[in-house]
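Protein chains in written order, with the numbering used here: chain X, 2 to 258; chain G, 275 to 579.
These aren't lab readings, by the way, just hints derived from the structure by calculation.
The reader is advised that the hints may include incorrect statements.
Calculated lysine to aspartate or glutamate pairs in the EDC-like style (CA-CA distance at most 16 angstroms, straight line) [to be verified]:
1. X/K228 - G/D559
2. G/K578 - X/E15
3. G/K576 - X/D82
4. X/K201 - X/D82
5. X/K253 - G/E463
6. X/K251 - G/E351
7. X/K228 - G/D549
8. G/K550 - X/E236
9. G/K520 - X/D82
10. G/K550 - X/E15
11. X/K253 - G/E450
12. X/K169 - G/E556
13. G/K576 - X/E15
14. X/K251 - G/E450
15. X/K17 - G/D551
16. X/K169 - G/E445
17. X/K258 - G/E486
18. G/K576 - X/E163
19. G/K567 - X/D82
20. X/K169 - G/D559
21. X/K258 - G/E463
22. X/K17 - G/D549
23. X/K169 - G/E486
24. X/K139 - G/E342
25. X/K95 - G/E408
26. G/K454 - X/E163
27. X/K228 - G/E556
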Amino acid sequence: MKILVCVKQVPDMESKFAVNSAGTWIDSADLAWRMNEYDEYAVEQAVRLKEQVGEADITVLSIGPDRVVETIKKALAMGGDRGIHVKDELSHDKDPFQIATLIAGVAREQNFDVLFFGMQSQDRGSAQVGVLVGEMLKMAVVTTVVEFGFEDGRITVKRELEGGNRAKVRLGLPAAVTCQLGLNTPRYPTLPNIMKAKKKELTVVEVATLAPAEALVRTRNMYPPSKKGGGLVLEGDAAELADKLVRILKEKTTVLK
Amino acid sequence: MKVLLIAEYRDGTLMGSTYELLAFADKLGAETVMFLAGSEQVQPAYDGTLYLAEATDCGEYNPEGHRELILSVVEKEKPDLVVFSHSSYGWDLAPRVALALRAPQISEVVEIGEEGDYVVPACNAKLRRRLAGEAPVTVLTLQAGAFNPQGAPSGTPHLEKLTTTTSASLEFLGYEEAEKAEVDLAKAEVIVSAGRGIGKPENMALVAALAEALGGEYAASRPVVDAGWADHSRQVGTTGQTVAPKLYVACGISGAIQHLAGMKKSGFIVAINTDKDAPIGEVADVLVVADLKQFVPALTAKLKG
Ligand SMILES: Cc1cc2nc3c(=O)[nH]c(=O)nc-3n(C[C@H](O)[C@H](O)[C@H](O)COP(=O)(O)OP(=O)(O)OC[C@H]3O[C@@H](n4cnc5c(N)ncnc54)[C@H](O)[C@@H]3O)c2cc1C
């Protein structure tokens with residue numbers, strides 16, 4: 002079984018963000034980077050599927066500048082077999098259609114049986130790339146998966162719906178799946194596995210060698226949301242803050258007698 | 275401008291988000307047509323043409339079939355926009371429709387921009403982006419709650435029936451209800467909620483102790499529930515419970531939109547967060563910038579003392 006997992010490197014969401022000089026995306030200086038949370042579930046599920054079927058090969062793909070190799074290596078340390086780095090300094094300027102076109106371009110000739118994606122990225126949140134790639138490759142595609150099973154050559158998943166309800170769906174191979182939080186518990190790479198990952202095959206594909214697509218969506222600008230007025234911000238020593246808050250609660254609410 | 279609104283139906287019910295689509299179209303001042311894969315028995319109150327496919331024929335979850343039906347309506351009506359809710363139905367179907375049309379898709383729209391553009395959140399709602407489509411027809415998904423209907427919906431749609439023969443590669447096997455609540459958070463006057471910022475399961479006790487001192491219940495954000503540190507029935511948010519206590523205390527919760535959707539109607543909101551810029555600050559009446567591990571016990575002690 003040939004499995005592809007697509008991972009994205011995103012900034013830590015607790016960072017302080019600044020807009021870049023072009024005004025179209027974040028300034029990448031001084032940020033800490035990590036694997037998109039949703040993709041961690043995708044990698045874990047790919048590794049579990051391999052553990053179940055035995056004979057399987059997991060390719061991990063990421064698009065971006067050199068630093069994304071760290072994210073590929075993390076996925077390899079979690080159990081991926083080989084990495085593909087589509088080297089692209091300008092990936093942050095590409096829209097979901099362009100990113101999906103690049104992934105489909107790499108995947109098309111390789112006849113993967115199952116594609117795993119996170120349901121969305123934490124920085125953009127478009128929730129489009131996995132669906133677009135699957136559709137471009139004419140596969141069955143299912144989104145927001147919180148339970149995944151494989152039996153008799155078919156995949157059975159539970160999709161999460163609003164309110165925590167679920168829909169059960171069955172699909173044949175080849176298939177693309179987008180993973181939601183809570184699907185599994187992503188493993189931490191162990192030190193020996195981190196060492197092993199360093200020696201795994203990593204292919205670099207220059208983005209210029211892939212057929213590009215025209216952008217369909219244009220970014221006009223980017224800015225911090227305007228602050229809602231009225232909200233009080235308290236800072237200082239914990240004990241003093243507690244005093245202050247109790248006074249406010251007594252004044253503004255009826256819950257403290 | 276003409277917009278095609280994709281109404282939503284599930285398990286015998288019309289989803290309320292359908293009316294948010296209409297509110298959005300109203301705001302644009304656009305001409306509308308609507309599509310629903312549902313049932314003639316469950317029509318939206320709507321004054322316009324409704325293209326209706328019976329879900330019993332086309333399947334309730336059958337994105338490939340629904341895509342073909344929607345494409346046939348686009349072909350006929352030539353809308354400028356095709357608009358979905360950003361929901362489990364919408365985000366699954368919208369990219370399929372967009373790809374077939376070679377149309378740009380803008381996801382999770384929260385606002386209409388000034389010059390034919392749309393505003394979407396980025397980086398966990400710490401930033402906003404204004405995006406524009408570069409094609410004759412653009413596909414949008416709208417963030418839940420971003421466009422609120424004014425007044426009660428009314429009208430009887432003019433029906434245009436659609437049929438399909440598309441066979442699907444996905445087999446829908448039915449629904450499963452969420453597990454029933456162990457506590458009824460809807461009844462609690464005070465809720466103290468734990469987010470990922472609590473760091474480790476032992477710190478749940480700090481949050482539970484504060485809830486007790488305030489005479490309320492404890493709850494949690496999704497990562498805390500996913501990690502198994504709290505029961506799912508205590509999850510607040512789009513895929514958990516919707517609550518409106520008199521006081522909501524968010525401890526180490528960033529304020530992602532799916533969490534806010536479940537608690538922003540609370541009477542008074544206190545957030546405790548080390549990050550002054552956390553989006554929870556947008557809805558909080560008081561943001562206490564502090565480490566919850568120090569502040570929560572200090573507050574609990576103060577309340578008890
Ligand atoms: C379809 C869908 C449905 C979802 N449904 C839900 C839902 O129902 N409910 C829900 O909650 N989420 C839901 N989510 C997930 C949601 O998008 C966020 O991932 C989640 O709400 C984040 O939880 P959090 O705020 O606890 O964690 P994080 O976003 O990781 O935030 C942790 C916060 O803690 C702060 N912090 C860290 N350490 C400390 C400390 N020592 N003291 C004080 N503060 C600290 C940080 O500054 C940060 O702001 C859903 C997502 C999707 C895609």
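Hints, verified against the model:
no., hint, verdict
1, X/K228 - G/D559, "holds (12 angstroms)"
2, G/K578 - X/E15, "violated (33 angstroms)"
3, G/K576 - X/D82, "violated (55 angstroms)"
4, X/K201 - X/D82, "holds (7 angstroms)"
5, X/K253 - G/E463, "holds (14 angstroms)"
6, X/K251 - G/E351, "violated (58 angstroms)"
7, X/K228 - G/D549, "holds (15 angstroms)"
8, G/K550 - X/E236, "holds (9 angstroms)"
9, G/K520 - X/D82, "violated (52 angstroms)"
10, G/K550 - X/E15, "holds (10 angstroms)"
11, X/K253 - G/E450, "violated (42 angstroms)"
12, X/K169 - G/E556, "violated (36 angstroms)"
13, G/K576 - X/E15, "violated (29 angstroms)"
14, X/K251 - G/E450, "violated (44 angstroms)"
15, X/K17 - G/D551, "holds (7 angstroms)"
16, X/K169 - G/E445, "holds (9 angstroms)"
17, X/K258 - G/E486, "holds (14 angstroms)"
18, G/K576 - X/E163, "violated (39 angstroms)"
19, G/K567 - X/D82, "violated (40 angstroms)"
20, X/K169 - G/D559, "violated (41 angstroms)"
21, X/K258 - G/E463, "holds (13 angstroms)"
22, X/K17 - G/D549, "holds (9 angstroms)"
23, X/K169 - G/E486, "violated (39 angstroms)"
24, X/K139 - G/E342, "holds (15 angstroms)"
25, X/K95 - G/E408, "holds (13 angstroms)"
26, G/K454 - X/E163, "holds (15 angstroms)"
27, X/K228 - G/E556, "holds (6 angstroms)"
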